[in-house]
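Quick mapping for you: the protein sequence lines, in order, are chains F and Z.
First residue of the first sequence: 1, per the working numbering; consecutive thereafter.
First residue of the second sequence: 1, per the working numbering; consecutive thereafter.
No lab work stands behind these hints, which were simulated from the structure alone.
Please note that the accuracy of each hint is not assured.
A pair holds if it fits inside one copy or across any two, identical chains being indistinguishable in the list.
As the list claims (entries may be wrong) - Below are the EDC-like pairs computed for lysine to aspartate or glutamate, each with C-alpha atoms no more than 20 Å apart in a straight line:
(1) 363 / 55
(2) 363 / 289
(3) 502 / 179
(4) 398 / 384
If you're wondering where the values come from, they're calculated on a predicted model, not measured in any experiment.
2 protein chains.
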Amino acid sequence: MDAITRIVGSDHVKRSPADLEAAGRATVPEPRLPAAVVYPGTAEDVSAVVRVAGEHRIALWACSKGKNWGYGSATAVSGNTVILHLERLDRIIEVNEELAYAVVEPGVTYRQLKRYLQDHHPTLWCDCTDGPPDGSIIGNALDRGVGVTHYSDHFGSLCGLDVVLANGERVRTGGGPIDCKTWHTHKWGVGPYLEGMFSQSNYGVVVKAGVWLMPRPEAFCSFQFDLREESDLPSLVDTVRRLMLDGTLQAASHIVNDIVALAILTQYPAPLLDRYSRLPDTFVDEMRERYGVYAWSFGGGIQGTPAVVRVVKRTLKRRLAPLGRLVFLDDRIVGVARAVTRLAQVPMMRGPIEWMVRRFAGKSLEMLAVAPHAYSVLQGTPSDFFVRHAYFKSRIPKPEVADPDRDNCGLIWFAPIAPMTGRDIRAILEMCRPLFERYRFDFYAALLTQNARSMIVLMAIFFLKEDAEQVARASELYEALSRATSEAGYQPYRISVTGMSKLADMAPDFSALTRCIKAALDPDHVLAPGKYGI
Amino acid sequence: MDAITRIVGSDHVKRSPADLEAAGRATVPEPRLPAAVVYPGTAEDVSAVVRVAGEHRIALWACSKGKNWGYGSATAVSGNTVILHLERLDRIIEVNEELAYAVVEPGVTYRQLKRYLQDHHPTLWCDCTDGPPDGSIIGNALDRGVGVTHYSDHFGSLCGLDVVLANGERVRTGGGPIDCKTWHTHKWGVGPYLEGMFSQSNYGVVVKAGVWLMPRPEAFCSFQFDLREESDLPSLVDTVRRLMLDGTLQAASHIVNDIVALAILTQYPAPLLDRYSRLPDTFVDEMRERYGVYAWSFGGGIQGTPAVVRVVKRTLKRRLAPLGRLVFLDDRIVGVARAVTRLAQVPMMRGPIEWMVRRFAGKSLEMLAVAPHAYSVLQGTPSDFFVRHAYFKSRIPKPEVADPDRDNCGLIWFAPIAPMTGRDIRAILEMCRPLFERYRFDFYAALLTQNARSMIVLMAIFFLKEDAEQVARASELYEALSRATSEAGYQPYRISVTGMSKLADMAPDFSALTRCIKAALDPDHVLAPGKYGI
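One chain only, chain F, in its complex shape:
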């Protein structure tokens, strides 16, 4: 640690019990206290630290910003690891307007890049998630997170990596030559395409990456659709697949259930917190009625030339109308929603406005207030709004800027991926919903399109962190969900540090290959031992 401190400077090493306690916090069960947190300032520092760690067989767990909430935050698979925190590597190295890409370091966040683009390159949009605005672009992409626009496949939009290997050597992916002009435009390079090796793995520390951006479209609108009959969900899923395969829907879209909507709109009423770990059905029905929430809703963005946007709207109307209620939002309507929401804050106006909104838009005031946030996220402008739903089961009121680690929120994401067919989605839901019931947790389910053929079934387990029994039960539910889905042939698209050890058993042949590569690149297991089962 002395050698490491000499590299990064003593200001950039944290070892006090309070610091370690803070760094070991996560929304998932079982905190894993690190041995230290080290903040290198440059890629060269990272190389040097990795070399020293190798000499002394110190395990390093690289994290970009540590906002991997619900999957383990900044924490490693096991305790007593040194966290290699990359937040000081926060430079936006290049933005190429003509070719629409940025080159960034791992500490660069969605919020930071969006602001930078707004200030310097307003003709370019980035993608973001509806998660933490201060999350790392590279961190999310390497964990293969998904966003909300045409560029929602974050790993798919990475192009050209600069990586520190376990021996401290740097490697540029893509196969050269030196100063290769297509490093950030041609994903596959020449020779084997090796960038994929550095996602969901522990083969290296990415210290720089190209990220594709999208030119600001001439026209944009978003849509919001409420499914009339819960039983039509499989039809909706099949419709979304067809709309994606035929190119009508090109951006990612999300289908969310009632608990997702309620977690966004509200919180557990304090009196219920200690009585229930799962809201009673009658109460959910009441809340749904009160907020105007459907069993399933569906939304996304549409962009292109004005003519293309018109055509897509017409197609969506034709294809979705039989199944429910479809509305389109544009700048004008979102402006109105914003104004009405503000006006309703005047106490004597609230009543009449609430009545009017419900009468003419069929929505609650609270739902109306969501619209501008959804609209901006769908354009790649991150928002603090949605991530606050991590406080659904918290005693603390939702804060302006969420920090569920600090505020001790209990949340594990469980996220299998399925072929995008109504049959498969129904099978997973029918498998998982009863488990949530049996283990007495609210059934939160969001269906995220990963591509035109695959859909992530993102489920959240919200639990009271201070209630040991509930924490244990949440872990049991997680186990039960993992077992059931995996036995039925569904793999996780991404996984929490608490679930990684099971991956190796799932596919012994694949696992043997990942271990063989690990042994060649990092025989002493310096980098993130156990990450993704490797």
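Using the hints, position chain Z against chain F.
Relative to chain F, chain Z alone:
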């Protein structure tokens, strides 16, 4: 070899001098005679052969169909290697109509899959190249070849591989579980994405792969554009980039120069063959005039709903009209072109028809005859038509079905990739054209969109195989082109077996990583030693 013969059967091993001579033929210089050609019948055979080869340190060079014309055909980097020919693995294992993918073995060809789809799943289209219809779908995709539709990035459309490693073990990519339902729908799987490792490399033999297909669009048309001023090429390239980035053009498109068109339309006149290795400019001008060929033409397909196709056509008109002459082809027009072409075969009709076609379509009869072939390839229906241009400099008239290896045609592809900007494309052309002049070869250049940000500059060196001086000069030109482009920072998108040894020097850091992985997976260099510099 006895052990290998016991595995595959003596009918499936070729060792006679005549067979080896035939198998060692390639359009590129320097034939590399193999030691034997082995044709396993199943994936299990492949495993067994690889195991035996490992025990006896025999080098194997896997090839799928051996139609890698211009890049080395079936031949290995070095002679005296055993060719592991996979053409007997020719099963179409599954077609999933709902999720639009097929699972095929490496011996399955574009022609075979297209016919199978037409017969059994007419609602699905595959992509193809404008190269050999009997080329392997998997072989081309693993070499990262490109096609002509929305699914033109062939490696990008591969999903879910079954691979035999150098130790004979089988591995399914994607990370499980067993019978994982998203194996062929979710490209990244869980854990590191390792499929890229098996493209442009020698880490394994792919014996099965998922290939994404596209649903037959409601509407389709193609466009053909002639650039008025040669000097506007950079503007055209910038326009194509913008049209791709904003989503107007979604299929691949090709910009081709006059020599490409002439090679497709005609052949070297016999009397010139022995006098010139490069057509005199005056002669080229004459031919251009005669056939109605422009310095640069541009074409591609448009598909979607009828409304989308209309919108895209309008946008293309607006954006391209200032630069030249744009025509759209649909089923009706292509039908007329076909009928007129047929009619012109009646001798007394030819004259008047030729006059009419030139008067009203501004094209030669020969150009008109090309249209139906281009139109069908853009819909994923492979054609024998275009690949015949390998006979541009042959004494043999273009045959119905091309086999340039058998017919001793001389052809090397040289294919750097550049950021898709007018500046970069101009730089490469201005660098390479004088080299073609200096080494006295015709300057064939086709610009293929690889993605919205990158363009392949595909150049062909046509040479007379029977003329040793010309062969040597072709190799020298190839060297000179490689050196010049690489020094300027452009990498090849794909490379011929004759150029692979240079790759390692180009990017020492990347090369060290590829070698480290090779040492771990295949320490005895059983699989394709030297492939892509590894």
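Going through the hints against the structure:
no.	hint	in the structure
1	363 / 55	neither (62 Å within a copy, 72 Å between copies)
2	363 / 289	within (10 Å within a copy, 68 Å between copies)
3	502 / 179	between (41 Å within a copy, 17 Å between copies)
4	398 / 384	within (11 Å within a copy, 66 Å between copies)
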